[in-house]
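*Asks:* Sequence lines, in order, name chains B and D. In short: position in the first sequence from 1, add 26, done, that's my numbering. In short: position in the second sequence from 1, add 29, done, that's my numbering.
Read the hints as simulated data drawn from the structure, not as lab findings. Hints should not be assumed to be uniformly reliable.
[Claimed, not checked] Straight-line distance between alpha carbons at most 27 Å, and here's what the computed DSSO-like set of lysine-lysine pairs gives:
no. : chain 1 : residue 1 : chain 2 : residue 2
1   : D       : K71       : B       : K92
2   : D       : K71       : B       : K67
3   : B       : K81       : D       : K127
4   : D       : K127      : B       : K90
5   : B       : K67       : B       : K92
6   : B       : K40       : B       : K90
7   : B       : K46       : D       : K71
8   : D       : K127      : D       : K139
9   : D       : K66       : B       : K67
10  : D       : K86       : D       : K127
11  : D       : K139      : B       : K67
12  : B       : K90       : D       : K139
13  : D       : K139      : D       : K66
14  : D       : K87       : D       : K51
15  : D       : K87       : B       : K46
16  : D       : K51       : B       : K46
17  : D       : K51       : D       : K66
18  : D       : K97       : D       : K127
19  : D       : K66       : D       : K87
20  : D       : K127      : D       : K51
21  : B       : K92       : D       : K127
22  : D       : K51       : D       : K97
23  : B       : K40       : D       : K71
[To be verified] Computed list of chain B residues with no C-beta within reach of chain D, every gap over 10 Å:
no. : residue
24  : H33
25  : V37
26  : K46
27  : R50
28  : L72
29  : K90
30  : T108
31  : S109
32  : H111
33  : D114
Note that CB positions come from ideal geometry on N, CA and C, so glycine has one too.
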Amino acid sequence: GAVVSQHPSWVICKSGTSVKIECRSLDFQATTMFWYRQFPKQSLMLMATSNEGSKATYEQGVEKDKFLINHASLTLSTLTVTSAHPEDSSFYICSAPVESPYNEQFFGPGTRLTVL
Amino acid sequence: GENVEQHPSTLSVQEGDSAVIKCTYSDSASNYFPWYKQELGKRPQLIIDIRSNVGEKKDQRIAVTLNKTAKHFSLHITETQPEDSAVYFCAASRWGNKLVFGAGTILRVKS
Chain B
27 GAVVSQHPSW
37 VICKSGTSVK
47 IECRSLDFQA
57 TTMFWYRQFP
67 KQSLMLMATS
77 NEGSKATYEQ
87 GVEKDKFLIN
97 HASLTLSTLT
107 VTSAHPEDSS
117 FYICSAPVES
127 PYNEQFFGPG
137 TRLTVL
Chain D
30 GENVEQHPST
40 LSVQEGDSAV
50 IKCTYSDSAS
60 NYFPWYKQEL
70 GKRPQLIIDI
80 RSNVGEKKDQ
90 RIAVTLNKTA
100 KHFSLHITET
110 QPEDSAVYFC
120 AASRWGNKLV
130 FGAGTILRVK
140 S
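My request is simple: use the sequences and hints to build the entire structure.
*Replies:* See the structure below:
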């Protein structure tokens with residue numbers, strides 16, 4: 027199957043700082059990538075759809091100025107959590123669909139963010 | 030938008046028994062229904078999926094059924110083993126579009 031990587035796998039930061047998370051499709055091109063957030067013992071909640079070469083589409087209730095998404099190439103999308111606070115501590119997972127033939131989505135390994 | 034409901038939230042079965050998890054969806058345009066297994070701290074792993082043009086799909090001990098009219102789909106695991114213990118999520122989407130996940134089911138297989 028297709029491979030999606032994420033970096034870093036975990037990060038601890040101080041409140042008020044910004045953190046960048048990278049999502050890469052290693053062996054296929056992805057014009058679209060999805061960013062999810064998962065709090066402990068909860069489901070995956072879609073935050074935004076990252077579109078190569080254009081603006082991301084954010085889900086209702088997700089602050090676009092706080093969660094900056096850049097999809098600068100067909101293999102890389104980045105999520106920057108700006109001015110992070112403890113309530114942003116979560117498991118962030120990206121996914122990318124393989125466009126042929128069935129659009130199956132492949133998930134990255136996730137990034138555990140802890141904001142102190 | 031799409032809404033996916035999943036039941037039960039927890040399920041305990043004896044090793045060797047069957048487990049069934051059910052999901053309903055709201056968007057009649059959804060046409061792709063994957064099931065994921067997630068272990069603690071890991072990414073979701075696709076275990077089986079079904080498209081709207083079929084009613085049932087089976088892969089060894091795992092099967093999924095889809096009722097488009099009723100807008101519900103179910104995961105069936107037979108001959109459960111301790112290593113099947115995990116959190117299972119259903120999801121629904123239109124092909125290539127965003128996945129909407131159910132709330133998850135914690136499956137415990139007791140040996």
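*Asks:* Could you work out which earlier hints the structure fails to respect and list their numbers in ascending sequence?
*Replies:* 8, 12, 15, 16, 28
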